[in-house]
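Engineer: Same order as they appear, the protein sequences are chains A and B.
The first sequence runs 1 to 368 under my numbering.
The second sequence runs 1001 to 1306 under my numbering.
No lab work stands behind these hints, which were simulated from the structure alone.
It is possible that some hints are incorrect.
[To be verified] Straight-line C-alpha distance at most 35 Å; calculated DSBU-like pairs for lysine-lysine:
#, chain 1, residue 1, chain 2, residue 2
1, B, Lys1152, A, Lys199
2, A, Lys364, B, Lys1275
3, B, Lys1275, A, Lys213
4, B, Lys1078, A, Lys213
[What the hints assert, rightly or not] So, partial list: chain A residues that the calculated Cβ filter (under 8 Å) puts toward chain B:
#, residue
5, Gln3
6, Tyr13
7, His19
8, Ile30
9, Lys66
10, Arg144
11, Leu146
12, Leu201
13, Gly202
14, Thr203
15, Glu205
16, Phe212
17, Leu367
18, Glu368
[Unchecked claim] For each label pair, taking beta carbons as the anchor points, the in silico distance ranges come out as:
#, chain 1, residue 1, chain 2, residue 2, range
19, A, Leu288, B, Gly1137, 33 to 39 Å
20, A, Leu215, B, Lys1171, 41 to 47 Å
21, A, Leu260, B, Lys1027, 51 to 57 Å
All C-beta atoms in this analysis are idealised placements derived from N, C-alpha and C, irrespective of residue type, glycine included.
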Amino acid sequence: MKQLRAFIAKEFYHVFRDHKTLLLLFGLPIVQIILFGFALSTEVKNSNIAILDRSKDDASREIIHKIASSDYFEIERNIRGHEEILEAFQSGKVRAVVIFEPDFSEHLLRENKAQLQIIADASDVNTATTINNYLTNIVTEYQRELLGATSMPWVIEPEIKMLYNPQLKGEYTFIPGIMAMIMLLVGVMMTSISIVREKELGTMEILLVSPFKPLWIVLAKFAPYVIISILNVTAILLLSYFFLELPVKGSLFLLYVESLLFILTSLSLGLLISVLSKTQQTAMFISLMATMLPTLLLSGFMFPIENMPMPLQVISNIVPSKWFFIIVKSIMIKGLGIEAVWKETLILAGMTLLLFVISLRKFKIRLE
Amino acid sequence: MSAVELEHIVKTYQDGGVTAVKDFSLKVNEGELFGLIGPDGAGKTTIFRILTTLILADSGRASVNGYDVVEDYNEIRKRVGYMPGRFSLYQDLTVAENLHFFATVFKTTIEENYDMIRDIYEQIEPFKDRRAGKLSGGMKQKLALCCALIHKPEVLFLDEPTTGVDAVSRKEFWQMLDQLKKHGITMLVSTPYMDEAVRCDRIALMQQGSILAMDSPEQLVRSFSGKLYQAKSEQKHRLLKDLRKHPQVVDTYSFGEYLHLRTSNDSKEVLEALKQELLVQGHEQLVMEECAPTIEDCFIRLLNQE
């Protein structure tokens, strides 16, 4: 027991005396939150559009007014002829152009049919689709107001409710994703590097020629990173609460327990990598490959797993962050309890145990 | 029982297929200060790693204080002290923290075994709050020795402890080893410096994984048969070239400010004739006289015989 304490004390010295790395460890989550929360937003806000109004009557003016007053659009310019459309797109400032046919209002009232055209810049597919949807919505809404005035016989009005995320906030999915990513990065990379560093610096050589137990080294290596990761989780939750106005709906305690479990998963994965690699570079490279890519691609964080081809869906099951992502989403956003996530929790716990036992068994008691 | 025993040890490294140690046998007696002397690549570190249970030999048997390096590796790890060739303590821990850590790992305390390290630790104690990475070479080495000694090891393995250390510290270090002998610790030391060989009770001269000779330093020097001469002149380089060309000169090499040489016939006449010839060739301030052989002379002679 005394030996274990000495090992843990040593690890804390290593971590807390390395100021640069420490800064990185705490800076990482903050930078990620800010990047994802503010800079890399997938929502469409304040998109610049151009208007070509060839009728300039009540109806067209009314629609233009609705577009301009929405949060999503900013009317960057009014253009006068078709020849200016291309120019507007080429300036790079305009995301879409809305064109009203001549005598828009008259066609609408007399023939019950008027046309407007939306031309969107589809070089960015997602944005183009979103803009198209928003604009169509605005037009439909106007149409409904007109209908209210003249009263048509049949109206089907779908009432849409966005459960768990009524405002369709993008933050709702990226916070659990970022939590998974940061814990994996810190846990996997730091443990693997810190064990491999002992091999590289030769201190492992001395440790091996002593009555140590591999388990001590491993547990001691875990200790500081567990604390750092828990602090990171807290930082992420605080940031998301105060800056992104995203509170934890479910039990905070459960969220922390699940985070602790996932931290242990990451540390065990890091341990396995450290057993397999000889240099710090290798350890770092494998860690990045084992954490970033699967988390971004296969956890459901960026791309829905349901839409993937079958083989990828199967592979995604061995990605620990997929399960953690589901757990955090359930607790934080849906406000569900352990009864909803016990299956995922068991899977994570099983993975952790497996990784830990394999790497402890593979821990080399000699130099080669 | 020998403190350290190696029998027909062979070790080949996978990458490159280099045979580091060939059919190596050695016995070190209890309480002995034994030196492995040889240049880089002689296989010294490999021997140390096999004895400290860090690597496995391809074939052969080795034991430390009766414990087999393969079967009883756990027993050996409790009982030996090891100082690798490279400084391998925690650079970001202070002197005191390092010492405390290693004491605890070996289930002891600094206080318990302080008498073991007192003489050495007192020299670095003024710097006990300094990070190990910030120490000078000599102090690092003293700290490493303290850490290797803190659990009163029965056998101490020191792999090139004086490499990269200044001359004064080197001398001090050997004095410390002399002190340790009084505690009855068996010590196996390796060094590439021939002049340190005389500080050992017995030495093995090593080259490319084999032992060229093994004996006490005095006995090795005594067994140097024939006469050895030293020579110097104004132009050392030309002298070396001229001596190498001479048919009567068997062996000649640079040795400090002198050249050492042997002749095919140890008679005085040959030496005088050689001297005359060199004077005729225009060597000024020529000195040529008999000298006592050193370990290095033995080593070079053994190498040339190979």
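Engineer: State for each hint whether it applies.
Structural biologist: We went through each hint and held it up to the structure:
| no. | hint | in the structure |
| --- | --- | --- |
| 1 | B:Lys1152 - A:Lys199 | holds, 25 Å |
| 2 | A:Lys364 - B:Lys1275 | violated, 63 Å |
| 3 | B:Lys1275 - A:Lys213 | violated, 68 Å |
| 4 | B:Lys1078 - A:Lys213 | holds, 12 Å |
| 5 | Gln3 | holds, 6 Å |
| 6 | Tyr13 | holds, 6 Å |
| 7 | His19 | violated, 11 Å |
| 8 | Ile30 | violated, 26 Å |
| 9 | Lys66 | violated, 64 Å |
| 10 | Arg144 | violated, 69 Å |
| 11 | Leu146 | violated, 74 Å |
| 12 | Leu201 | holds, 7 Å |
| 13 | Gly202 | holds, 4 Å |
| 14 | Thr203 | holds, 5 Å |
| 15 | Glu205 | holds, 5 Å |
| 16 | Phe212 | holds, 6 Å |
| 17 | Leu367 | holds, 4 Å |
| 18 | Glu368 | holds, 6 Å |
| 19 | A:Leu288 - B:Gly1137: 33 to 39 Å | holds, 37 Å |
| 20 | A:Leu215 - B:Lys1171: 41 to 47 Å | holds, 43 Å |
| 21 | A:Leu260 - B:Lys1027: 51 to 57 Å | holds, 55 Å |
Hints 2, 3, 7, 8, 9, 10, 11, counting from the list given before, are not met by this structure.
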